[in-house]
Amino acid sequence: MTPEWIVQNMSLEEKVRLMSGRADRSRIHGALKGTLSEHYNEKPYAAGGNDRLHVPEIRFCDGPRGVVCGRGKATCFPVPMVRAAGFNPDLEEEIGTAIAQEAQQFGANFFGGICINFLYHPGWGRAQETYGEDDFLLGEMGGAMVRGVQSVGVIACLKHFAFNQMENQRFRVNVRCDSLRTEREVFLRHFEKCIRRDHAGAVMSAYNAYNGVMCGHNRYLLHDVLKEEWGFQGFLISDFTWGVKGTVAAALAGQTVEMADTKYFGEKLVEAVRRGLVPEAVIDDAALRIARTMKSFEKISMESEKRKRLKKREIRELALQSAEEGIVLLKNERNVLPFSKRRLHTIAVFGELAEEGNQGDRGSARVYPEHVVSPLEGLMKLVNGTTDVIYYRGHNIAHAKRLADEADCVIVIAGLTYLDEGEALSKDQFTAERGTSVGGDREGRLRLHDGDEKLLNEIGKVNPNTAVVMISGSAVIPGEWISQVPALLWAGYGGQEGGTAIARVLFGEAEPGGRLPYTIPQREEDLPALDFEASEVTYQYYSGYRKLAHDGIRAMYPFGYGLSYTSFALSDVSVRREIPSDVKAAGETEWNGNPFFAVFCHISNTGKRSGSTVVQVYVETAKCPVPTLKGFLKVKLEAGAGRDIRIPVSCDDLKYFDEEEHAFRLEQGNFTIHVGFSAEQIEWSGKFQELHHHDDL
Amino acid sequence: MDNYQEKYTLESVDYGSQLRGKSFVTSIGFSAWHWHYEYELMLVLKGKVTFRSEKWTGSVTEGNLVLVNSKELHSIVGGNEVNLCGFVQLSPDLFRSGTEDKRQFRFFLNSMNQDEQPEEGIVSIRNHVSRILMCTLIEKEQTAYRLRGEMYSLVADLVEGADYDILMRRQKEETGSEELLDMIDYIRRHVAEDHLSVLLAHEFGVGEKTLYRCFKAGLGMSVRDFIEEMRVQQARKLLRTTDHDMPFIIDACGFGSEKTFYRSFQKLTGQTPLSYRKSDGGNTGHAEVRGYLDYERYEALDLLKGFLS
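Sequences listed follow chains P and Y, in order.
Going by numbering that gives the first Met the number 0, the first sequence runs without a break in its numbering and finishes at 696.
Going by numbering that gives the first Met the number 0, the second sequence runs without a break in its numbering and finishes at 308.
Treat the hints as calculated values from the structure; they're not laboratory data.
It cannot be assumed that every hint is accurate.
Stated by the list, open to error - Calculated pairs, EDC-like style, for lysine to aspartate or glutamate (alpha carbon to alpha carbon, straight line, at most 16 Å):
1. Y:Lys-101 - P:Glu-376
2. P:Lys-267 - P:Glu-279
3. Y:Lys-215 - Y:Glu-178
4. P:Lys-32 - P:Glu-422
5. P:Lys-622 - P:Asp-657
6. P:Lys-400 - Y:Asp-162
7. Y:Lys-101 - P:Glu-354
8. Y:Lys-215 - Y:Glu-53
9. P:Lys-607 - P:Glu-508
10. Y:Lys-304 - Y:Glu-61
11. Y:Lys-266 - Y:Glu-228
12. Y:Lys-54 - P:Asp-404
13. P:Lys-622 - P:Glu-184
14. P:Lys-546 - P:Glu-679
15. Y:Lys-208 - Y:Asp-224
16. Y:Lys-101 - P:Asp-387
17. P:Lys-635 - P:Asp-89
18. P:Lys-226 - P:Glu-191
19. P:Lys-546 - P:Glu-184
20. P:Lys-400 - Y:Asp-114
21. P:Lys-460 - P:Asp-404
22. P:Lys-633 - P:Glu-92
23. P:Lys-460 - P:Glu-479
24. P:Lys-380 - Y:Asp-100
25. P:Lys-380 - Y:Glu-99
26. Y:Lys-54 - P:Glu-405
27. Y:Lys-215 - P:Glu-405
Same shape as in the complex, but just chain Y (with noise of 0.2 Å):
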C-alpha cells in the first residue's frame, strides 16, 4: 500500500467511487507519522504492529482492533514477523447531519487499551469490520451493495455502540493541535533544510521552549526527534525509489554530516541504508492485497472467517 507509506503527513484518501469509505487489506513496513480527514479502523489479522498516536502508543496483536480519529495524528510499524492489517477508512460526512454541522466525533476504541472497550464488548464492532473488508477481497459485482451497505451501519454501530466525544470548535481561530498539524506540515516541506527547528520556531512565532511543549503535548516526543524521524522517513522512500547516491540523499534529507545519517536510520529502522536499498526497502510483502497476491488475500479470508466464526 504505497501511497499509505509515502503521503506520511496529510493522507488524502481516494474513495474511488461515490462510497464515503474505503477499506483495504495491506501489510505494514513502516507508516511514519500522518493523519487523515478520515476515521481508520485498523484490525490486525495477522503478526503485530506497533501504532503509535497522540494518546496511546503500544502493539497491537492479532485480532485487535484500533480506532484512528479524524486528523488524529499517528504511525504504524511492523515489527520483523510478517504481518497482515485490515483497513477501513470512513469520510467524517458519514458522521455529519448536514454541512452546517460542525461537530467532530472523537471514539475511544482500541481493543488493547482497557479503557477504550466499548459497553457491549468490541466483538460486533470487529465483525463488522471483518464482514466489510471480507467484501473488498472478494471482487464481485454484488459486494459492492454489501460494502456500501456494511459502512454505512458501522458508522451507526459507532456511534451507538463505542464511547465517543465531541469537539466543536471556535470558528476560524486555529486551536493548539490543528497549529502542530500545520507545524508537521511544514516540516516535511523543508526537511532538507538545516537547522529546521529554528525555522518552525522563526515561521509560527514561537519559543523553542513553547515549540518543544507543543510537540510534547502533542506526540509525547520533541520537535528533535520528530524532525528526526522526518528525515530518516524521507531517506527511506528515495533509498527505495530512487537511485540517488548517498550525498543527494543527506543533502536532500537535511542530515548535517554522513554521520548523523548512518547513525539516525541505524537507530529508527534498525537497518544501514545501503542494506536496505538492497531488501527494496525490505518490502516484499508489504504491498496492497489486490488480487495479484492471491496467496496473501486468501490467508486474509480465511483469518476474516475466522474471526467471524
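Isolated chain P (complex conformation) (with noise of 0.2 Å):
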C-alpha cells in the first residue's frame, strides 16, 4: 500500500478526516487556564489518522525543553536558549533523541517543539524557546534537533513557520521585511536548512500574519517557498486554534492540518470542496502529504524499536551535562571563581529565585518533570558537610549587607521568572496569582528587577568573593552593579537539573561550556527598534551583533562571548579550498551541504584545567560587509593538550539572496574571513580569493 494508492482509496471525507485535529477545544483552552485537573498536552493531541487503511493518527505532544506530556516522569531539559550557548550540535542530536524517545512513551509520534524562529530582539516573551540571534547557529541546533527527534521515527515539527518573534502581539501584528534578503538570509535560512538538509517532517504555521496575510493562509510562504522552491515533502500544522480562520483561504494556501481540533476544516472543507470552492487536487496533495509522511515514520519507529535506548538516568545525565555546558562565564575577575569549598567556611546565598526550580516559561513549554533542582538545593547538595549555607532573599539591604559581610562569598541568584518574560496566554490565570500582568514580551526593561539590581549595587561592595548568576531567556543588561560585582554568569533556565549545574560550576566541578547566543549590549538603544505593542512591523537586514559591527558599536558582552576557567590559543590558522569551484552554478534546488573552504588551525589549552571553548569562523563579503557566523566547532582540552581541527564552510551557508534573479547566489571576489572567539574576539583574520584556485592562503 503506497501513499498514492491509499489516497487514491479515500474517500472525500476520509482525506479531510487526515487534515483534522481531534482534541476537545474547550478541554484544551480549560487546561491551559488551569481551570481543569489536567494540564495541556498531558495526554498527545490526536489528528487524521484513517484505520481502514492503517494511516496513524498524528499524536502531537509539545516541546521545546522536553516532552510537555505526562506529570513527574518527563526530563526536563535546559531551554532551547541555554542549549544554544553550548554550542554544541552533537549533544543536540542526543537531546532529539532522549526526547524523542519519552515521546514515544506517551503514546506521541509528533514532536511540536521545534522552535527556530530568529531572535530579531532579546525582548522577546519566548526567546527561551529558540537557538538564539544567528541564522547559521539556529540552523545548526534546530537541525541537530530535527536529525536526533527523527531517528527514532518520531517526526520532528518545525515552528513558528514564519516571522513570529513577537508574543503580545502575535495573534495580530502584520509582519515585513525591509527587502527579500533580509527574509531568505535572516529569517528563513535555517528553516531552509532544517527542511531540505535535515528533512524536517513537519512544519507548524504561525499566528502572526506576514505581508499582510495571516501565516496560516500565506500561500506564499505555505505554498510558493515552502513546497515550491524548497521541495517539502511533509505536512504543515496551523499553530493551535488561531492558526486558522477560514476553510477555503487556509485550504488554497496550503495548510493541510488544522490544529488542535477542526472548525473550518472537517465537515466545512467537505462542503467547500464539493461546491468547487477547493479543488479536490488540494485535498489529494495534503492527504498524500500526510499520508506518506505518517506511513514513512511509523516505519522508522517500528525499527528503531529494536534499538538500544537511552536510560532514564542517561537522559538525566544529557539534561545536567547541557545546562552546565550551556553556563556562560560573562565576568571573573582575579579568577574569583571556581570557589573551592574547602576554603569556605560560610556562603550566603542571596535572591529568591535561588529557591526557585525556575524552569521558564509557563505556557504551552511547561514541562512536569519528577524533580527540579533548584540553584540553592543544588549548593546544598555539593557543600553539605564541608560549609556552612545562609540563604535570605534579599528584601532588607541592611541584613543582606551584614550577612555578605560574615561570609566567605556571596553567590546571587538574580533574574527573570514566566512573570517577566514567556508565552503571553491567558492573563487572566496569572493576574489572579500576582495581580500584576505577566509574561509576554520585555519591551524596554532588559534590566533586573529594581530590587535585584538595588541588593547587587550594595552587596558587591562588602564582599569581594561575589559572584552573580543570572536567570533569563536572552540579554539581560547589567546596571551600575556590574563593576561592583567581580563575578558573573549567566545560566538561564536550565531545566530539572539546573540548580545541580550552576552549584557544580561555581565550585569547579564543571567548567562553564556556554558562549553567548545572544548579545548584551550596552544599551537597549543598540539594538534594533522594536514595537512589541504594533500592528505592524519591518524588520531590517541587521540585528544582533550584526547591527551592531554595522553601526560601529561594541557590545557589553557580544555574541559568541564566554570565559573559560582555563585559556586557549590559536595558531596555524590556514584556509583551504574543499571542492572545485564548479559549485557555484546558481540557484540550485538541493540543499549543497559540500564544504566550499575549511578553516584548518591548532587550538591548544594554555591554562592549567581542562576546559572547552568555540572556534567562530566569520565571513564577511562584498555583499554580506559584516563578519556573520558561517562556522563553529566546540573543542574540549585537557590542560596543556592541543589539537588540529578542520571548520568547514559550506556554499549554501555563504550565499547570499540575490533578489533580481531571486535565488541564492555564491559570490565572486574577495570572502575575509574571521576565525577567533567570539564575534568582537578575532583572532586571526585572511581573505580567501574565490576566482583564483589557491589550495592555502
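Given two chains presented individually in distinct reference frames, assemble the corresponding complex, making use of the accompanying hints.
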C-alpha cells in the first residue's frame, strides 16, 4: 500500500479527516487556564488517522525543553537558548533522541517543539524557546534536534513558520521585511536548511501575518517558498485554535492540518470541495503528504524499537550536561571563580530565585518533570558537610550586607521568571496569582528588577568574593552594579538539573561551557528598534551582533563570548578550498551541504584546567559586509593539550539572496574570513580569493 | 515564671501536650543569658523590659514585639516599674518539612528596630500573638483547639510576612556559635571555680585572646563580664531559694572574696545581697500568671483586647 494508493482509495471525507485535529477545544483552553485538573497536552493531541487504510493518527506532543506530556515522568532539559549557548549540535542531537523516546512513551509520534524563530530582539517573550540571534547557529542547533528526534521515528515539527518573534501581538501583528534578502538570509535560511538538509517532517505555521496575510493562510510562505522552492515533502499544521480562520483561504494556501481541534476543516472543508470552492487536487496533495509522512515515520519507529534505548539515568545526565555546557561565564575578575569548598566556611546565597526550580515560561512549553533542582538545593548538596550555607532573599539591604560581610563568599541568583517573560497566554490565570500583568515581551525592560539591582549595587562592595548568577531567557543588561561585582554568569533556565549545574560550575566541578547565543549590548538602544505592541512592523537586515558591527558599536558582552576557567590559544590558521569551483552554479534546488572551503588551525589549552572553547568562523563579503557566523566547533581539551581542527564552511551558508534572480548565489571575489572566540574577539583574519584556485592562503 | 529565670542557659521548654508550642504571660524581673531551641515571640503588654541578644540590645516598650530565634542567646531584664510580657514559644520542628530538613530559619522581627520590621507591618503578627495569649489566659476546654490552630497559622504568618534568612549548617563539625553555646554551658557548670576563664580556654583549647573575641563577637561582652554575670545570677538563685549563709554563697558562686561579691552584686542588680534576700528576690509580681493572680490575668486580657481593637 503506497501512500499514493492509499489516497486514491480514500473518500473525500476520509482525506479531509486526515487534515483535521480532534482535540477538544474547551479542554485545551481549560487546561491552559488551569481550570481543569489536567494540564495542557497532558496526553498527546490526536489528529487525522485512518484505521481502514492503516494511516496512523498524528499524536502531537509539545516542547521544546522536553516532552510536555505526563506528570512527573518527562525530563525537563534546559531551554533551547541555554542549549544554544552550548554550541554543541552533537549533544543537541542526543537530546533530540532522548526527547523523542520520551514522547513515544506517552504514545506520541509528533514533536511540535522545535522553535527556530530568529531572535530579532532579545525582548521577545519566548526568546528562551529558540536558539539565538544568528541564523547559522539556529540552523545547526535546530537541524541537530530534527535529526535526533526523527532518528527514532518521531516527526520533527519546525515552528513557527514564519516571522514569529513577537509575543504580545502575535495574533495581530503584520510583519514585513525591509528586503527579500532579509526575508531569505536572516529569517528563512535556517528553516530551509532544516527542511532541505535535515528533512524535517512537519512545519507549524505561525499566528502572525506576513505581508498582510496571516501565516496560516499564507500561500506565498506555505506553498511557494516551502513546497515549491524548497521541495518540502512533509505536511503543515496550523498553530493551535487561531492559526486557521477560514476554510477556503487556509486550504488554498496549502495548509494541511488544522490543529488542535477542527473548526474550519472537517465538514466545512468537505462542503467547500463539493461546492467547487477548493479543488479536490488540493485535498489530495495534503492527504498524500500526511499519509506519506505518517507511514514512513511509522516504519522508522518500528525499526528503531529494536535499537538500544537511552536509559532514564542517561537522559538525566544529558540534561545536566547540557545545563553545564550552557552556562556562560561573563566576568571573572581576579579568578574569583571557581570557588573552593575546602577554603570556604560560610556561603551566603541571596535572591528569591535561589529557592525556585525555575524552568522558565509556564505556557504551552511547560514540562512537568519528576523533580527540579533549585540553585539553593544544588549548592547545599554540593557543599554538604563542608560549608555552612545562609540563604536570604535579600529584601532588607542592611541584613544582606551584614550577612555578606560575615560570609566567605556570596552567590546572588538574580533574574526573571515566567511572570516577566514567556508565552502571553491567559493573563487572567496569572493576574489572579500575582495581581500584575505577566509574561509576554520585555520591551524597554532588558534590566533586572529594581530589587535585584539595588541589592547588587550594595553587596558587591561588601564582599569581594561575590558571584552573580543570571537567570533569563536572553539578554539582560547589567546595571551599574557590574562594576562592583567580580563574577557574573548567565545560566538561563537550566531545566530540572539546572541547580546542580550552577553549583558544579561555581565550584569548579564542571566548567562553564557556554558562549553567548545573543548579544548583551551596552544599551537597549543599540538594538533594532522594535515596538512590541505594534500592529505592523518591518524587520531590518541587521540585528544582534551584525547590527552592532554594522553600526560600529561594541557590545557589553558580544555574541559568541564566554570565559573559561582555563585559557586557549589559536595558531597555524589556514584556509583551504575543499571542492572545485563548479559549485558556483546558481539556483540549485538541492541543499548543497558541501564545504566550499575549510578553516584549519591548531587550538591548545594553555591553562591549568581542562576545559572547552568554541572556535568561531565569521565571513564577510562585498554583499554581506559585516562578519557573519558561518562555522564553529566546540573543542574540549585537557590542560596543556592541543589539537588540529578543521571547520568547514558550506556553499549554501555563504550564499546571498540575489533579489533580481530570485535565487541564492555564491559571490565572486573576496571572502574575508575571521577566526576567533567571539564576534568581537577575532584572533586571525585573512582573505580567500574565490577566483584564484589557490589551495592555501 | 520560675523555670524561665532559673534555667539560665539551655532552657528546655515543656510543651505539656502534643502541641509543638507554648504560650504564657508573665512579668519579668531578671532573666539572665540563656538560649533555647524554640523560637520565642515576646510581646510587652505593660511597662518595659531591657532585651539583650547577640545582635540587638535595647528596651522594649508596651505594645512591642521581639522575636528570639532558635538557639539565640538572649536576656531580658525588667525595670523598676511593673511589667507584663506575653511569650509564645514555637518548636523549630514547626518550620521543618521533615526530619531530613536541616534548614534553620532566622527571623528578623523586632518592632523596636527599624531594620527588622516586616514589609506588611507588625500589626497582623502582633494581633496573632495577642490572640494566642488570650487563648492561653482563657482556660476553657474549647480554646485549646483555637490555640493549636493559631499556633500553626502563626508559623505560616511568620514565614509569609516576616523577613528571615535560612541557615543550613554543614554536618558534624561544630561552628563558632555552637562552640560559644558549649562554652556558656561550661561556665554554668563550673561557676564555683576560680580562674574560670583560664579553665575555659584550657578546656576548649583556645587562647585567651580567641576567647575574648569569641564572646565579644557573640554576645558583645567580654568573657570576664559574662562570667561575673553568671556568678551573680547563681548567687541570686541561692539567695532566693536557699537559706545558705553568705560565705557559702560566695564560695559556691566562685567569687574570690566578699568584697568582689558585694561589688559585683550591687553593680548588676542595684541591690545588696541582703536586701535582695529580704525582698524575696524583689519578686512579688514575677510569677507566671496562672489564674491564682486573677487581677493580673484580667489586666492582661484587657491589654490584649486593647491591642486587638
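Consistency of the hints with the structure:
1. Y:Lys-101 - P:Glu-376: holds (12 Å)
2. P:Lys-267 - P:Glu-279: holds (14 Å)
3. Y:Lys-215 - Y:Glu-178: holds (14 Å)
4. P:Lys-32 - P:Glu-422: holds (13 Å)
5. P:Lys-622 - P:Asp-657: Distance ~10 Å between Lys-622 of chain P and Asp-657 of chain P Cα, so the pair holds.
6. P:Lys-400 - Y:Asp-162: Holds, at about 14 Å.
7. Y:Lys-101 - P:Glu-354: Holds: Lys-101 of chain Y and Glu-354 of chain P sit about 15 Å apart, inside 16 Å.
8. Y:Lys-215 - Y:Glu-53: holds (9 Å)
9. P:Lys-607 - P:Glu-508: The given pair, whose Cα atoms are some 14 Å apart, holds under the 16 Å limit.
10. Y:Lys-304 - Y:Glu-61: Cα-Cα ~14 Å, so holds.
11. Y:Lys-266 - Y:Glu-228: Holds: Lys-266 of chain Y and Glu-228 of chain Y sit about 10 Å apart, inside 16 Å.
12. Y:Lys-54 - P:Asp-404: holds (14 Å)
13. P:Lys-622 - P:Glu-184: Holds, at about 12 Å.
14. P:Lys-546 - P:Glu-679: Measuring from Cα to Cα gives roughly 13 Å; hence the hint holds.
15. Y:Lys-208 - Y:Asp-224: holds (15 Å)
16. Y:Lys-101 - P:Asp-387: Judged against 16 Å, a Cα distance of about 11 Å means the pair holds.
17. P:Lys-635 - P:Asp-89: With a Cα-Cα distance of about 13 Å, the restraint between Lys-635 of chain P and Asp-89 of chain P holds, given a limit of 16 Å.
18. P:Lys-226 - P:Glu-191: Roughly 11 Å between the alpha carbons, so the hint for Lys-226 of chain P and Glu-191 of chain P holds.
19. P:Lys-546 - P:Glu-184: holds (15 Å)
20. P:Lys-400 - Y:Asp-114: holds (12 Å)
21. P:Lys-460 - P:Asp-404: holds (10 Å)
22. P:Lys-633 - P:Glu-92: holds (15 Å)
23. P:Lys-460 - P:Glu-479: Holds, at about 12 Å.
24. P:Lys-380 - Y:Asp-100: Holds. Lys-380 of chain P to Asp-100 of chain Y sits at ~12 Å (cutoff 16 Å).
25. P:Lys-380 - Y:Glu-99: holds (13 Å)
26. Y:Lys-54 - P:Glu-405: Answer holds: Lys-54 of chain Y to Glu-405 of chain P is near 13 Å, not above 16 Å.
27. Y:Lys-215 - P:Glu-405: Judged against 16 Å, a Cα distance of about 15 Å means the pair holds.
In terms of the numbered hints stated before, the structure departs from none.
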